[in-house]
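Q: Work out the full structure: start from the sequences and follow the hints.
Chains as they are written, first to last, in the working numbering: chain U, 4 to 336; chain L, 27 to 649; chain Z, 446 to 831.
Treat the hints with care, as some may be off.
[Unchecked claim] Pair by pair, the computed Cβ-Cβ distance ranges are: (1) A314(L) to A508(Z): 41 to 49 Å; (2) T480(L) to L186(U): 40 to 48 Å; (3) G91(U) to G640(Z): 38 to 46 Å; (4) L186(U) to G640(Z): 39 to 47 Å; (5) I33(U) to G640(Z): 44 to 52 Å.
[Unchecked claim] Some chain Z residues well away from chain L (every beta-carbon gap over 12 Å; in silico): (6) G492; (7) M493; (8) V520; (9) L808.
[Said to hold, decoys possible] With a cut-off of at most 20 Å between alpha-carbon atoms, the simulated EDC-like pairs for lysine to aspartate or glutamate come out as follows: (10) K823(Z) to D802(Z); (11) K518(Z) to D775(Z); (12) K219(L) to E515(L); (13) K538(L) to D39(L); (14) K583(Z) to D183(L); (15) K666(Z) to D27(U); (16) K513(Z) to E582(Z); (17) K826(Z) to E718(Z); (18) K823(Z) to D647(Z); (19) K542(Z) to E317(L); (20) K518(Z) to E317(L); (21) K621(Z) to D579(Z); (22) K621(Z) to D169(L); (23) K816(Z) to D579(Z); (24) K500(Z) to D183(L); (25) K169(U) to D609(Z); (26) K804(Z) to D183(L); (27) K169(U) to D579(Z); (28) K169(U) to E690(Z); (29) K643(Z) to D218(U); (30) K666(Z) to D647(Z); (31) K516(Z) to D169(L).
Derived from the structure by calculation, the hints contain no laboratory data.
As the structure is a computational prediction, the values presented were derived from the model and not from experiment.
Note that beta-carbon positions come from the ideal geometry of N, C-alpha and C, so glycine has one too.
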Amino acid sequence: MGKIRDWFSYLSHFVYAEKLESMDQILQQIPQQLINGVTVGGVYALIAIGYTMVYGILFMLNFAHGEVYMIGGFTGWWVLHLLTNSSGGLLLNGFIVIILMILFAMALTGALGMGIERFAYRPLRNAPRMNLLLSALGVTIVLRNLVLNLQGAKIRFFHTSALIPKSIQVFHIGGTVISFMRLLVIGVSIGLMAILTWFVKETKMGKAMRATAQDTEAATFMGIDVNRIILLTFLIGSALGGAAGALVGLLFTQVDYYVGYVAGLKGFTAAVLGGIGSIPGAMVGGFILGIVESLATTLISSTYKDVVSFIILILVLLIRPWGILGEKAPEKV
Amino acid sequence: MALSSLGQKKIGDIPLQSLVLILAVVVVIPWIMPNNYWIRIAGNAGLWIMLSLGLNVVAGFAGLLDLGYVAFYAIGGYTYALLCSGHWNIHLPFWLVVPICALAASACGWGLGFTSLRVSGDYLAIVTLGFAEIVRLLLLNLDRPINITGGPNGLPDLDFAHIFGFTFRTVTQYYYLVMFFALLVILASYRLKRSRLGRGWEALREDELAADAMGVNTTYMKLLAFGIGASIAGGAGAVFASWQGGVFPNNFGFSQLVTVYCMLILGGVGNIWGVILAAIILSILPEALREYGAFRMIGYGLLLVVLMALRPQGILGEISLRPKRKKKEVEEPETLKAAEELFYGDGSHDFVKPLKKGKLNKDRVLLELKDLTMIFGGLHAVDRLSLKVYEGEILSIIGPNGAGKTTVFNLITGIYPPTSGHIIFDGKEITGLKPHKVVEKGVARTFQTLRLFTNMTVLENAMVAQHCRTKSGLFSILFRLPGFLKEEERIERVAKENLGLFGARLTGFRYKQKAINLSYANRRRLEIARALATDSRLILLDEPSAGMNPKETEEITRFIRNLRDKYGYTFIIIEHKLNVVRTISDRVIALDYGKKIAEGSYDEVADNEYVVQAYLGRKKGRV
Amino acid sequence: MKKVLLLGLSVCLIIAFSTINGYAADVSKGLSIGAAGPFTGPAAAPGMEIFNSIKIAVDEKNAAGGIKGVKVKLVMGDDAGDAAQGVNVAEKFCADKTMYGVIGPPMSNVAEATLRMYAQCNLTCITTAASRPDLTEKGYHHFFRVNARDDAHGPAVGHFIAEDLKAKSVYVLNTKDTYSQGYADQVVATLKKLGVKKIWRDTIVASAKDYSSVLTRVKAKNPDVLVVGAKTAPDHAVMVRQMRELGIKAIYFGSEGAKDKKDFIQASEGAAEGAYLNHFAPDIYKIPEAAHYVKVYESKYGSLSGFGPPAYDATNILLNAMEKAAADGDITRKEVMKYMAQTKNYRGILGFPITFDKKGDLLGGATYIFKVVGGDFKLVKVAKGM
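A: Written out as structure tokens, the structure reads:
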């Protein structure tokens, strides 16, 4: 362990010509970094689910998903904005506002997701997959620039301090700090994932969804309306992405028209890390990615945290080419 | 250039008149453009043509979803910047640096390809995307502790291109320089496409497993595609860097990747002329819209969505830019017709495909399996199977569904390495060899679920099969050395000979028909022809008559016998239709639960108690 | 033959597009100025603020009758922040015979890549944000800037931190862009020179919205001052907010970009209180000359950060130079360049007189250091003479 630390420190020394960090300083940061990691990990997981669900059924990378997340963020901001009076006070109880923000964001992005599927992807159902990819890129460009035109390039701020009482905004446990918003993000994301897991496992629609993912043709023969299931998939996946957007707005207090790109990239990475097509995989991948990023900041440097997470992704794929929880599809001969 | 072969039959080079026309347009453009701005745009189009054709090799020909492509462009650009600037005070000559940049990028391409060999499809996409992100972050951050890349500042003030005393300075001069390279890339991709490598890539794209089973070394071909794509991008990067006079990190971002992919897909994946046209259009379009800010991007995005819905095959799609000459039905050599008559009439003619010389040695063991075992997670799919196949024999394998018949084929052809046991072909051990190596030794197969290269033509399908029998490398293909031309001729001849065995069903106008447009029975025939075209001696047929009507079944049965009689092929056949098995087989083996339960003549096996049980169920309630 | 048809078609297309550009020599043939910059893409927010401010200045000029009765046309040249596109924009502006000056490019990369081209066609460029020092060090006469260089403020800020704030340990963070990196480099160099021993550095990603992991690291070091070099105010807002949330006690010192009441002080909802920052000009809201511009901008385009005012002034300086050049009814690009260089003590809305030195940089700029007190900026120090 000591050796590894020395090595990491050497690396950061090389990069920054910085004094070696003491073990204490590193250990002291770990609990805080885990909390940071779990929070963003939850967000990544929510985004990753959208990718993975669509992939599971249509075998396509829905590049536009990052933009759906962005629009979720804007919807949350808009709800908060409408419910705030000119002097910064809230028209409703803060907790109700938070719930409304998330619900509205989910509703709007869910509808948006279905719209995208209906108009940009369905006409291409039987086209080569690269065409779908391009269509998705087209949707991405349109959505991003549409928001740029309607909304301007300005960053929008979430004035969140009025939402929750001062007394519960931040909790201290030893030297570790947890804000209420982090707990909220962790709680809501895990809650949504639990609901999704129940839905997919237990309900009739969820079973139809899994059946469609396994074999679209066979599902059709069993009387499942595949088009409806695909719409449903987009609805759920996009709504979760939208929820992630609103949650991140609450947590980091900002949204702008360009956030979709990075978020999409991270979500996609998380989905692949966990095994694309697998919903539990997306969750696991999201949390792992978030934690790796946070720890890499402490152990190596903030500059190279993304490099570290991509290297880990590549290493994981080299060892398990189908991701952590993904299933190796047996080659049918 | 193969101008010397003018008038002769040319094998897949750019038609001379097209070349002259393109050259004329390229030369004239600077003269008709109103100002430097539009000449620069034209030059940019040239750069984009290079880039998109490079991607076309990786993603178009070989079908590898490479999202790290722009990283190679960046590597080329930065290599140029380091070797031709005051940054480290190295000023190498331009003609030397461009190949170095291409090689540097190519080396990285091989490296990336090598590390990502195990992953495929979308996993490959994310690995390459990760690679691109890593490269981008390194370019942005490697300005300390030692300043290598200039970090966010980039590397400005690069040398002008300087070739043998001439310095390129003006827009027009650079335009010609870029176009020179663009033309080279066009020529190279055209020649690559119509070569064994090009066909190998397309086969890989269409069906990786089938390509492997037809003798294409898929691993090598993937690496080669990565390497070539990367080297083109690297060269383009060098030219770009020299023209811009500097490199900056955001020259090589995701948006550039998106643009190249748009060109590729709009142009029609793999379609060289389409990609070129798309590159031209997409370099002009944003310029025409530059004054409109965000609206320009919305328009661009909408265009993509709509175009994809209306013309999913790309703007050019099926339209070929090569003029389709109204050809009369080409008179195939007399002998081909004869071949048709032999099999489908009474026949007493010669063949195009030379008959087997020498006598078959019916006592010689061609293939031997010794205690072959395959376990899938506890399930014994094949259980200590031993058998011998003699030269010139037709051996049928029968057994109920799930008996392990196809698994035996997969083991022999190397698709699965066996858990234990040995496979000996012609006295040599082939256990654990990769499929393409097995084909090389002389064992070819067909698939139960047809695995043709559906978007390739009938002739190309058969030509792919010669991949492992030929060895023209990159160099001889690009320079069209005599060895390559001769080999191409041979490939085509062999393919046509084998297709000719099926007469008009696979010849004549069908040569140019895509496999996907064939009837079901013809697809089965093409699979057999493809297997024969590998020049193998042992052919494994997996349900050759499945899905055929009685007449077609009878025909294919006689055909297989004929092949054995006239050409001395050895066959192992998996078949469910017992009347086929009866007429065709010298010997029959029955499998159940991976074990051999009976062996002998058809009648012996058919009467065997275990076989009857296996098909009809056990007596006395045994499960 | 289809291929002939298609190639011919594309040639026609090119010719059709190319006729957009006209030719002109004297004033009545038309006057236009170009706005080069990132009006789409990740840097669109500051880019559009610049464009809108240029537009206000041009509209005002045209409302007042234009130059010699000719309305000035503003042409947008969007480069999306990519030098390769910036080069196209430069070529386009150079080729436009009615164009006599360009506002921008505001990004150092793009400015660097296009410097040579604009110089070759004698087109005056006046940048409002490109701060890389060597842009004006290459001996070109067409390039001016109304903003400060990277190396203008770093030393002053370093002195302030070491001497006025008496910091013993400093953590320096910067985003990976030319401006912020140069700023951080200068601050660190000055601090080292002044004997500050404990200095740590790290880089962050611009507009990442989440800096808590790097701040966790800062917390473990417990520095006296945290210096953050970042271009835009929202990044400073989120940084200072998350820093306080984590309970880091250090003094926050932000770079120029933080000077934005709405996007920094208000956006951080109180966390910015007590933070310091530097700027190249006095507070725009406290300058009487700027009141009209601020009112127009905010009513038309919403809130204003630090990127608009210099663009507005730059446009007016350029228009003045064009007016002088056009006084005889005839105008050339070289004339515009000449009158630009002669700009002396121009009093615009920035609160200090603008004069260009020989290289095209601001003459006698100063560093204004502000502290956030009671939800507003309070000037605490003016460091002159660099």
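Q: Would you mind confirming whether the straight-line C-alpha gap from K666(Z) to D647(Z) stays at or under 20 Å?
A: 12 Å, holds
Q: Is K826(Z) close enough to E718(Z), meaning Cα to Cα at most 20 Å?
A: 17 Å, holds
Q: Is the straight-line distance between the alpha-carbon of K516(Z) and that of D169(L) 20 Å or less?
A: 47 Å, violated
Q: Is the straight-line distance between the alpha-carbon of K816(Z) and that of D579(Z) 20 Å or less?
A: Since the Cα atoms of K816(Z) and D579(Z) sit roughly 31 Å apart, the hinted pair is violated (cutoff 20 Å).
Q: If you draw a straight line from the CA of K169(U) to the CA of D579(Z), is it 20 Å or shorter?
A: Measuring from Cα to Cα gives roughly 49 Å; hence the hint is violated.
Q: Is K621(Z) within 20 Å of D169(L), Cα to Cα?
A: Status holds; Cα separation ~11 Å.
Q: Given the hint that K621(Z) pairs with D579(Z), test it: the Cα-Cα distance must not exceed 20 Å.
A: 18 Å, holds
Q: The hint says 41 to 49 Å between A314(L) and A508(Z); measuring C-beta to C-beta, is that right?
A: Given about 30 Å between the Cβ atoms, the range is violated.
Q: When you look at the beta carbon of L808(Z), is every beta carbon of chain L farther off than 12 Å?
A: 25 Å, holds
Q: Regarding the pair K823(Z) and D647(Z), is the alpha-carbon distance no greater than 20 Å?
A: 29 Å, violated
Q: So is G492(Z) really clear of chain L, every C-beta pair being over 12 Å apart?
A: 9 Å, violated
Q: L186(U) and G640(Z), beta-carbon distance inside 39 to 47 Å?
A: 44 Å, holds
In terms of the numbered hints stated before, the structure departs from hints 1, 2, 5, 6, 7, 8, 10, 16, 18, 23, 24, 25, 27, 29, 31, listed from lowest to highest.
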